[in-house]
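There are 2 protein chains.
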Amino acid sequence: MDSLEIIKQISLSSPTKILLLVMDGLGGLPHPDTGKTELETAKTPNLDKLAAEGICGLSDPVSPGITPGSGPGHLALFGYDPVSFNIGRGVLEAIGIDFDLQAGDVAARGNFCTVDKAGLITDRRAGRISTEQCAELCRLLDGQVIEKVKVLVRPVMEQRFIVVFRGGDLAPDVSDSDPQQTGVMPKVITPARAPATITAIIANRFVAQAKATLSGHFPANMILLRGFSSRPNLPTMSEVYKLKPVAIASYPMYRGLARMVGMEVLQTGTTVEDEFKTLIKSYGDYDFFFLHIKGADSAGEDGDFARKVAVIEEVDNALPALIKLQPDVIVVTGDHSTPALLKGHSWHPVPLLLSSKWCRRDRVSQFSESACLSGGLGRFPATQIMPLAMANALKLMKFGA
Amino acid sequence: MDSLEIIKQISLSSPTKILLLVMDGLGGLPHPDTGKTELETAKTPNLDKLAAEGICGLSDPVSPGITPGSGPGHLALFGYDPVSFNIGRGVLEAIGIDFDLQAGDVAARGNFCTVDKAGLITDRRAGRISTEQCAELCRLLDGQVIEKVKVLVRPVMEQRFIVVFRGGDLAPDVSDSDPQQTGVMPKVITPARAPATITAIIANRFVAQAKATLSGHFPANMILLRGFSSRPNLPTMSEVYKLKPVAIASYPMYRGLARMVGMEVLQTGTTVEDEFKTLIKSYGDYDFFFLHIKGADSAGEDGDFARKVAVIEEVDNALPALIKLQPDVIVVTGDHSTPALLKGHSWHPVPLLLSSKWCRRDRVSQFSESACLSGGLGRFPATQIMPLAMANALKLMKFGA
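Here the protein sequences come in this chain order: A and B. Heads up: the first sequence at position 257 corresponds to 249 in the working numbering, and the numbers run straight through without jumps. Heads up: the second sequence at position 244 corresponds to 236 in the working numbering, and the numbers run straight through without jumps.
Mixed in with the good hints, there may be bad ones.
Identical copies look the same in the list; a pair holds intra-copy or inter-copy alike.
With a straight-line Cα cutoff of 27 Å, these simulated DSSO-like cross-link-like pairs (lysine-lysine) come out [stated by the list, open to error]: (1) Lys9 <-> Lys349; (2) Lys0 <-> Lys335; (3) Lys28 <-> Lys41; (4) Lys273 <-> Lys316; (5) Lys179 <-> Lys335; (6) Lys28 <-> Lys349; (7) Lys269 <-> Lys234; (8) Lys41 <-> Lys316; (9) Lys273 <-> Lys142; (10) Lys335 <-> Lys349; (11) Lys179 <-> Lys0; (12) Lys234 <-> Lys335; (13) Lys234 <-> Lys179; (14) Lys179 <-> Lys390; (15) Lys28 <-> Lys390; (16) Lys335 <-> Lys9; (17) Lys109 <-> Lys203; (18) Lys335 <-> Lys390; (19) Lys390 <-> Lys349.
Hints in this document: simulated from the structure, not taken from any laboratory.
In isolation and in its complexed conformation, chain A is listed as follows:
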């Protein structure tokens, strides 16, 4: 019996409410001049107060040393083992552009590329054509029907696009056509197991037709496909936790991830203020709120330490409006670390605070990486966040007699 199955058996619906506030990429590394991380540098009186009244710790989204992508990072936050429920690259790209991926669809990530007369790849990114050009070329390839399978093609950004195969009995287990190097031919797509044979045949035919269609469109005269995948079959949060969950997130990928676990997704604006307002307005209608703040991660990815500090301070400043709602459990954390010094996601564990009437308070009085290290939750897998939040909301019955 896996842990989701246990939770499913002991969870119960109740009027208590849980707020999960995720600052994407929250965890950081100390600035060389000050020895303080982004979170430690930010002035966060409201988060510090929550930490003082709550219990803190550090979580590992996947496991120590593993840097998670956004998919695994969020699945873990929602309580789903990110290793068992890995989301393929194709699916993630699709939900990242708000594409309405359906059960049974097989999605792949595509690149327009350049091939020479012999068919050898000379540029895997076709000179990074513009997003507009990409959209035009996608329209040329979109809408074909191959053996009753509809092929949908949508632009993502620059040379990147997605292709979705829909209809028929398609399995996603096929190899990439992208050889990840130049000077060679694109690879033939092959099935990893028998049920994926049809997928491979259709995908190869699509590639061949694309080559013909694109022949006059140098430098984008060929395509490369990789990350064939289908929507993972995730039990919904309502099934597992008996929650009525809602997501407030402005970026498509996080909206898509929330939808994948059965959350309702609200329309909202792009600023912290917009998102907070959306949550407050909808507070009566749900009992679980996933509030996603993208800015901290973007600043970290850009290596902009000061901007990441500013985003954290902006959230802290807006926080009293949420605290005033008196949710039974407030969890503040990130989906992974994104230290500005590394300009990217990292493996460092993520600070977390949980505030509730029933948490066993620790002595942490500041919300920071170093303070969380001695928190009462210790260091723990991020998949345990939801069970802890549920327990503190008194939404879990006893396990076993």
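Let chain A serve as the given structure and place chain B on it in line with the hints.
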């Protein structure tokens, strides 16, 4: 290879002795007036001294956020994964009344209930009839033989009883007849898998006969059954640890749980003093002592903070007599937390101290939840307690060459 299998391969018999002192429901939550838990409030000079000379930590019986029942809590303490070896409700009720459950028996928990003329349930508890009435009615139902299967019926308390099906080839995987609501008929018992078909047939016939027998016994004119289960097939502690283990526990359920892992169970009185005396008298005959103190949990369940403090102090006060025996390893912990504030079992991790010549001492000098947080054992699954105790008793050989 699971962890029990590893231990089995490397454990060795030796003259060293381990004392596992379990204060049921030991962990707590701070009193709002003092900010101190039950354990932190209690004056415990002897436990503090053991903590100062030993190593401390906090354990999770099942996993963070999960509130364990007594079964899972104790299985974890004995080193058995409480999720793989879940004990059914029927079995637990049976061992809770010291019923000698045999391998192959299928036990269910029963309620006497009230049905109207149409057979619809009007009271799932038959007006909470007295235990005496329950015993009388059980005698009416007890001892039938259905298709060579003997049906044993024993009273538990008020309207609760157990029914045990014995003989034949019975699998326990059948559904409950108890619909857990009124205004509907009791459900037909159905097999979850083919080998349980006979169990379902016999159980349904037993229910039908019970209905006929009880027709004149309003309000107890029908029965509801749930939690069909068999004794889990647990390797004994002698097999796994090569110990000669003994249990000193006054409550039937804990005596039953100890028997289920192959411990000898001694006759003892109901007070802390009685149990300590029993242990001291038998000290020469065994090398593993499970000493179970129920009072802390009962006080917690009653919401009686002061009484829980008093029980802990009583144990502390009696402790020197055990320390004088100089067991090689002393472990003091609980099977779960039972904060008086919550009046029930909870998910909070459980303080633990381990004292032995060979532990790597930490700086903890007080036995309390907050001090254990910074203990040398950190926060860890309760299933690791036995391997740690065994190691400190020098009863485990090297793993691998």
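Hint by hint, here is what the structure shows:
| no. | hint | verdict |
| --- | --- | --- |
| 1 | Lys9 <-> Lys349 | within (12 Å within a copy, 42 Å between copies) |
| 2 | Lys0 <-> Lys335 | between (39 Å within a copy, 24 Å between copies) |
| 3 | Lys28 <-> Lys41 | both (19 Å within a copy, 20 Å between copies) |
| 4 | Lys273 <-> Lys316 | within (13 Å within a copy, 60 Å between copies) |
| 5 | Lys179 <-> Lys335 | neither (33 Å within a copy, 61 Å between copies) |
| 6 | Lys28 <-> Lys349 | between (31 Å within a copy, 15 Å between copies) |
| 7 | Lys269 <-> Lys234 | within (25 Å within a copy, 49 Å between copies) |
| 8 | Lys41 <-> Lys316 | within (13 Å within a copy, 45 Å between copies) |
| 9 | Lys273 <-> Lys142 | neither (40 Å within a copy, 62 Å between copies) |
| 10 | Lys335 <-> Lys349 | between (38 Å within a copy, 15 Å between copies) |
| 11 | Lys179 <-> Lys0 | between (44 Å within a copy, 22 Å between copies) |
| 12 | Lys234 <-> Lys335 | between (38 Å within a copy, 24 Å between copies) |
| 13 | Lys234 <-> Lys179 | between (46 Å within a copy, 24 Å between copies) |
| 14 | Lys179 <-> Lys390 | between (54 Å within a copy, 24 Å between copies) |
| 15 | Lys28 <-> Lys390 | between (42 Å within a copy, 25 Å between copies) |
| 16 | Lys335 <-> Lys9 | between (35 Å within a copy, 22 Å between copies) |
| 17 | Lys109 <-> Lys203 | within (12 Å within a copy, 77 Å between copies) |
| 18 | Lys335 <-> Lys390 | between (44 Å within a copy, 13 Å between copies) |
| 19 | Lys390 <-> Lys349 | within (19 Å within a copy, 37 Å between copies) |
Of the numbered hints given earlier, the model fails hints 5 and 9; all others are met.
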